[in-house]
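Asks: All chains, please: the whole structure from these sequences, using the hints.
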Amino acid sequence: MIPVLLLFIPLVAGILGFFIKDQKAASNWAIVASVITLLTAVIGIYAMPASMHQYQATWLPSIGASFSVALDGMSKMLVLLTAISMPLILIATRNNNYSNPGAFYALMSLAQVGLIGVFVSMDALLFYFFWELALIPVYFLSSIWGGEKRIAVTFKFFIYTFVGSLLMLVGILLVYLHTKDHSFAWSSFTNTDLTSGEEALPFFLFFIAFAIKMPIFPLHTWQPDAYEQAPTASTMVLSGVMVKMGLFAVIRWVLPLFPFAAHQFAMPIIILSVVGMIYASLIAIKQDDIKRLIAYSSIAHIGLMAAAIFAGGSLGLQGVQVQMFNHGINVIGLWILANAIENTLGTRKLSELGGLATKAPTMAILFVVLAFANIALPLTNAFIGEFLLFNGLFQYNIWIAAAAGVGIILGAVYTLQMVQKVLFGEVSAITANATEINCYSKWVLIVIVVAVIALGVYPQPLIDLTKDSVNALLVIK
Amino acid sequence: MNAIIVSALLGVVMMFSGIFTTNKTIIKNIATVGMLVLLAANLMEMNNLFSFDINTHDLIVTQRYGLFFNCIAYGATFIYLVLSGNDITEVGVNVAEYFALIFFVLCGVAILSSFNGLLMLFIGVEILSIPLYILTGSDKRNLKSNEASLKYFLMGSFSTGIMLMGIALMYGATGNFGMVHGAGLRGVVTASQQPPYLLVAGVILLFAAMSFKVSAAPFHFWTPDVYDGAPSVFTSFMSTIVKAAGMLAFIRVFENQYTILGPTWHIIVDFAIVSTLLIGNITAVFQQSVKRMLAYSSIAQAGFMLFALYASNTEIAKEGILLYAAAYSLATISIFAVLIKLHDYTLDGFNGLAKKEPVLAFAATVSLLSLSGIPLTAGFFAKYYVLAGALQAGGALWLIIVAVLLAAVSVYYYFRVIQAMYFKEGDPQTLPITGGFKAALIAVAALIVLLGIWPSLLLSWLYF
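As you go down the protein sequences, you meet chains G and U in turn. Be aware that the first sequence starts at 1, since it is given in the working numbering, and climbs by one per residue. Be aware that the second sequence starts at 1, since it is given in the working numbering, and climbs by one per residue.
In case anyone wonders, no lab produced these hints; they're calculated from the structure. There may be inaccurate statements among the hints.
Counterexamples of contact, computed for chain U against chain G with all Cβ distances above 12 Å [claimed, not checked]:
1. MET165
2. LEU278
3. GLN429
Simulated restraints on C-beta separations [as the list claims (entries may be wrong)]:
4. THR221/G / LYS356/U: 32 to 42 Å
5. ASP468/G / MET44/U: 54 to 64 Å
6. PHE16/U / ASP181/G: 51 to 61 Å
7. THR221/G / HIS266/U: 45 to 55 Å
8. ILE159/G / PRO432/U: 57 to 67 Å
9. LEU450/U / LYS349/G: 44 to 54 Å
10. PHE19/G / SER289/U: 32 to 42 Å
11. GLY435/U / ASN100/G: 20 to 30 Å
Yeah, the Cβ is synthetic: ideal placement off N, Cα and C, and Gly gets one too.
Replies: Written out as structure tokens, the structure reads:
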């Protein structure tokens, strides 16, 4: 029942949210709904017996699709991430003003429905439904409330992902025809009569959809523009949670379904991921816009995770799951900072900023901690994740691990450069009258920073949460 | 038989109602009620309650499948009359005639869903087409409408000639008009035998003529001009119910016939599908007028429906074409109902509609999402069923991948309308909009979403 509740609460909140006209009321409504969802998720995962973690109902028996949702090891982590991110995002951006606020917050809630749905569905057709459902609200969010070039940029993002989804649909149909009982259930999909040779085609049909979402080089071109132009709240959803859909989907719907193909094509995919990582890092160094810099940095981080997935091995897969969570909250923290800087100073350009450390010391401290997390310094949560990732890569191929290491070093270059240009140096004309960030953003950031350090010192809870799923996955392979 | 007889009678009733009253509202209401009567008559036959018993010597055979299609077509026409009935009365002076012609078209639909022989196919197609020529030209003072009508009439007659030629050749080769049951043409040709050339030539001519009727490439050239030139209310009717009926006839006549062509059949159908999809989708991208865009979109959608022809021997494709007919008709009728209310049919004419008329914009958005095949709308399952049918029938994968890629292209032009409505500023001028119209639009949108979640709501009626 828990997964159904997790879908139902934001769905109802979203639909009713459309009718709220007042900015504060709409925001409060969405925050309350997201907090209730979070509580449901936490209580459901930690305090309820496993029998409550599944739900199945008939949907379309004639074609073998059912409404089957479950909170298993793989999905728990990401459902938690979604549930935690949403209130953080909504509270941090509470002071942003939107035209037609009811619709804005309603669409945010609906996006949450899609995201949770993707993570919990255990039926391929249902998964496809939620995969698209997560996209539509974000499309409207970014196109209505985004920046100057929002329409074209968001459309590019939409078409990109839609092409991927359609190819995945063909893939789903192909696998469906090979299931033994003509069913869309995940258990049937992992137990098909596809031979190792026949796996290649559906593998690529699925993988392209997920690679676009992550995104993996060279399918990433929609991403920096989309992140830059979207309103900050939806950028946070996009980079904090939505890109994890791609990684998650590979773990759930590619590795167990096509183990031979995943093994066979691992090398080219890992190489592409690592190339993308270095390429994105190099571009990030050259960026002058904070949002674009974070966007490219995100591509680099995702590249490393994608490489580790295909490198296989229990440590690497464990690392990916841990890191998905860590990257999610860290990047949301960075976006909150970018949003705060843009809102108070009216610019995102590094060249126009400087000396904020003296003007806004609290923000500076939070900024520095998150920057350290972004380069995975020990004692931050990202360290343990990247350590595991590298472990996996290292066991797969030492040269690839070394190349990925270069990407990490470049990551330190652009992150520290950003810290230096924003916080230190001369106080410019624009930053002269800078003030501290508002209390909403501040408290959210404090929560995130505490989590960063706590999970950096004691990552065991995250590892416990995902351990079973990794083992299960290795058994299937 | 009920549907054929009742619709013909209702057509006559509508013609005479024009003599007794000139009140447009009364005439419209008679037609709407008549539509319900027709639907009820058809449902009665479907449930074995009552049907006219006429010995047609097997020229007409009613089956549940065809009757069910009638229900979809008549239900869609009813929705069409509710949404756009008032606009029909505004087209010209002879209001009663328009409704009469619509009923005659529906008579043609009933024949096409139950014909059992090429002769009745021909009669059905003609009964379907001739009223449409008149409806296209019903806006007499509009030069474009006249031109469209003449063009449609000339091209249509030409294709009728080709069809007749094909039927004659097939008759010459086999000595009968039969096809669907028993010792029809199928019985004449066994697998080992080389079919007579006359027969092959006849089948190909028939294929061309039917392609014309459903505007499949390369016989689609009339479509954009006719759909664009005809009064918008009638374009809505023509491009939905009529087209679906044509498609059904196409599938029914070739369901067993295709074996005659042997391996050539797949070359022909593949070519028809790919070229229809390509021409429809790619050309629609460049349209500035939404009405013309919808004309090309209807070509593109026909390409998808042809997949049901490709896989006509599978159960899922047969269900798929019914679902496609319903989904496509609902969405197109609803988007046309919105379009008719606007003064400006160009994309810019939609700018800012969401602010001014949120209900209209919402309904149009749901329709457009359905047309582009986004999940949670009926259009998704429609596409899903026909593609699954094609895959199940052992269809070539490249064909399906081409189709889904072109579906992605279709998103481009459908979403441009959504972008105009929601993301752009403007002050669109609309005709007066009543509360009832809005309620009907919302109901149609809800129906589209409902079918997008449970297509079995519709399809289960096929079996019990």
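Asks: Find the hints from earlier in the document that the structure breaks and name them by number, from lowest to highest.
Replies: 7 and 8
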